[in-house]
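**Q** Sequences listed follow chains A and B, in order. In case it helps, the working numbering puts the first sequence at residues 1 to 539. In case it helps, the working numbering puts the second sequence at residues 540 to 860.
There could be a bad hint or two in this list.
Across the chosen pairs, the derived CB separations fall in these ranges [said to hold, decoys possible]:
{"id": "1", "chain 1": "A", "residue 1": "F464", "chain 2": "B", "residue 2": "I546", "range": "14 to 20 Å"}
{"id": "2", "chain 1": "B", "residue 1": "G782", "chain 2": "A", "residue 2": "G460", "range": "24 to 30 Å"}
{"id": "3", "chain 1": "A", "residue 1": "A232", "chain 2": "B", "residue 2": "G782", "range": "35 to 41 Å"}
{"id": "4", "chain 1": "A", "residue 1": "H482", "chain 2": "B", "residue 2": "T543", "range": "52 to 58 Å"}
{"id": "5", "chain 1": "B", "residue 1": "Q747", "chain 2": "A", "residue 2": "M233", "range": "40 to 46 Å"}
{"id": "6", "chain 1": "A", "residue 1": "M233", "chain 2": "B", "residue 2": "Y825", "range": "22 to 28 Å"}
Distance condition first, Cα-Cα at most 25 Å in a straight line; then the derived BS3-like pairs of lysine-lysine [claimed, not checked]:
{"id": "7", "chain 1": "B", "residue 1": "K592", "chain 2": "A", "residue 2": "K488"}
{"id": "8", "chain 1": "B", "residue 1": "K600", "chain 2": "A", "residue 2": "K528"}
{"id": "9", "chain 1": "A", "residue 1": "K189", "chain 2": "A", "residue 2": "K528"}
No wet-lab data here; the hints were simulated from the structure. For each residue, glycine too, the CB sits at the ideal point set by N, CA and C.
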Amino acid sequence: MNKLPDKSYLNDPKGLKSWLLTRDHKRIGLMYLYAIMTAFLLGGIFAMIIRLELLSPGKDLIDADTYNQFFTLHGAIMIFLFIIPSIPAAFGNFVLPLMIGAKDVAFPRLNLASWYIYILGSLFALYSIITGAVDTGWTFYTPYSTETTTSVISMTLGVFILGFSSIFTGLNFIVTIHKLRAPGMTWFKMPLFVWALYATAIIQVLATPVLGITLILLIIERVVGIGIFDPAMGGDPVLYQHFFWFYSHPAVYIMILPGMGIISELISVFSHKKIFGYKAIAFSSLGIAFVSFLVWGHHMFVSGQSELAAMIFSFLTFFVGIPSGIKVFNWVTTMYRGSISLEAPMLYALSFLFLFTIGGLTGIFLGALSVDVHLHDTYFIVAHFHYVMMGGTVMAFLGGLHYWWPKFWGRMYSEFWARISVALIFVGFNVTFFSQFILGSQGMPRRYYNYLDQYQPLHGFSTFGSWILGLGFVVMAVYLIHAIFRGKVAGANPWGALTFEWTTPSPPPHENFDKIPTMEHGPYDYDKIVPRSTLAESD
Amino acid sequence: MDTTGTIFLPSGHSTIAGEVDALFNFILYASIVLFLLVIFLSAYFVIRYRRQKEAGLTYGKDHNIKLEIAWTLIPTILIIIVFVWGFRTYLKMHIVPKDAIEIKVTGQKWFWSFEYPEGVTSVNEIVVPEDKPVKLLMSSKDVIHSFFVPNFRIKMDVLPNRYSVTWFEATNAGEYNLFCTEFCGTGHSEMIGKVRVVSEREYAEWLQAGTAVGEGMTLEEFGAKLYTSKACITCHSIDGSVGTGPSFKGKYGETELMASGDRVKIDENYIRESILNPQAKVVAGYAPVMPTYQGVLKSREVDALIEFIKSLQEEADTENE
Ligand code: HEM
Ligand SMILES: [Cu+2]
């Protein structure tokens, strides 16, 4: 009985053209997955090079200007090409309609357009690499970015274009979630991943235009010479920082909320238990989305803003922290009296819990005004945002990747190798980045090509960690690709999950479901139903 | 208040360091407790409720009001404490004592210069007396920089076209690192200076010596000193190796190709112009990144540097023989 369905979205219809012109959300999701994995690889290569350069003080490998370009490219690629689109565009596209029992998203053409816009924006960004790269850091602070001779324009134009892709995806999801839910799926019967995508989409639509405008102003200043941010032309450099963070702080939640959504799914499925505090999790996503618009000033505690402004921003910053804390407690409590199995996706969820908790707690140091003065722009920040973005979002992303991999391909990866790889990544990550908390609080500034000898041991340790981390990813690439062709057939519902995407064959047919599913039970009712796991059968 | 270093923090040597460290440590300990709570509970649940073979129906309760109120309220209280504590120290960092010595700080690519009320100037080294508040009035000549002294727990951005202010009171004689922490280009990580904290007597002596520019030295010796102390060394070598700028070795008297295509003889006037108005003639193959020393160097100091560069020519000649 274990064979793949003859016809699925993967082979029906056939041909390259049918892919390039597809309006099927699953194909678009898969195409996004290819694109962002390419970006992740590229960003990762830059990361390994900068880490290698930092092995010892002075020049090891590349000169200062190249280093500055590489950390900028690493950051810009990871943020704009990888992490912002990652979960919403790849998994959101693939599973959102399946999860709510729809045939597709609300605007399939717009969806395809957003993929092409993403590719176009990425090409602009990559073009800047060929034409001399950028050396401003991914934040493009003025007046440095108006003065430097590097190709800031093509990079910012790329980011500007990428913004549209993000806005379109957001719009599409909002309408899809409002209009296309299966009969019986009320708002409070939606899976939490859908709630997370919804909250994310609101931020994408409201905040991204501000970034777009800011970058256009920057380009106008460089090209036409109108003084907006550059004091030499009568502009105000701090204004740029306000504009930039007005987008980029909420954007941090564009990055983390979808990850939190995945974690809610994983913890419930692999604990085989009803999620604890469903409404608290759903509302805290919305709460985070709104408050996140009001905290941008916490990036500027030493930029010379008024004490009053600093006070307000510090206060509000703590208040976005609380909902995240509540989520962590809810996840832990979900495991209480569950039936927990430790397959790879759950190992990623547990890694997330561990690392994101550290990321969140270290955020408290940075929200406290007096302590932030010491830690701002040091390696403490680098460690903090890697714990949140890589330890948080990327772990959730990898959890999701392993969880839905059988749905994408109908085949299972090797659980054995998956465990080896998650162990390498977890250990490598902590070695690489925990050492940076110490470096930073000892005073090591970030974006430094060279450093004082006293910091060498920790830098060396961190670089060593990056090799373990890199190895983990190489192992993963091998077994995942192997699984596409040779993996065991997974069946419709390998994990015994209750959400709709597991009721249809893997890989799903072109039209998703034979007949539109109806809501017979909630997405997490493991106290009422025991779903059949197709994986157990095949063992 | 002085603090001794920990794994995390370097030793603290300013009046506010103690308060910052106390809050840092409070958050650290509270975080460790919360972290261990989350991790031990998770680990316990994972072991205790590990799935045996097939999963059956599980426990169905999905909320508990008392628990949820507790885990919202306790963190909220903790966070309010941290917020108020952090804000109070931050205010102190911003209220400059009236009797502070005022030093003017200029950041530019890629060095710091300081100007004392007595007229003394220094580059990359700021000398201050112990136990006296010092106010820094800071601005930048080009992009944004940031003034960071880890041992004092102070940091403040330095902006072009406006002044920013910070202050500190050092509590212990010694030498402390000063970093630039706002990315400012090629030499960002070389933009490192020193804060030298000395006794009040030594401070007075230092000021005295500073008002007399290079007395008791030949011009050449004085120039050699300025070459390091005014940070020429960051970009120009004297051994012939290429840095951000051309080496000084054997340059005097040569004719060089400029970016404009002109050929220019390296003489006293060219060197003077390059120091005060560096962008006027840029040697081919180098970026026009050198900052101006207009206002940083006195005319005797410029003379001394020219003499020093000339002397490198003679050395090069003797080597070649
Ligand atoms: C293989 C794993 C990674 C390693 C070894 C690594 C390493 C580094 C290093 C050494 C820096 C430079 C710090 C500095 O000098 O300021 C950096 C910066 C950064 N990284 Fe990563 N990183 C990794 C993965 C990621 C991921 C997955 C993301 C986000 C999704 C990310 C986002 C960033 C950002 C935003 C910056 C700041 C860039 C800037 O300062 O402009 N990194 N990383
Ligand atoms: Cu700087």
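**Q** Of the hints stated earlier, which fail here?
**A** Per hint list: single violation, 3.
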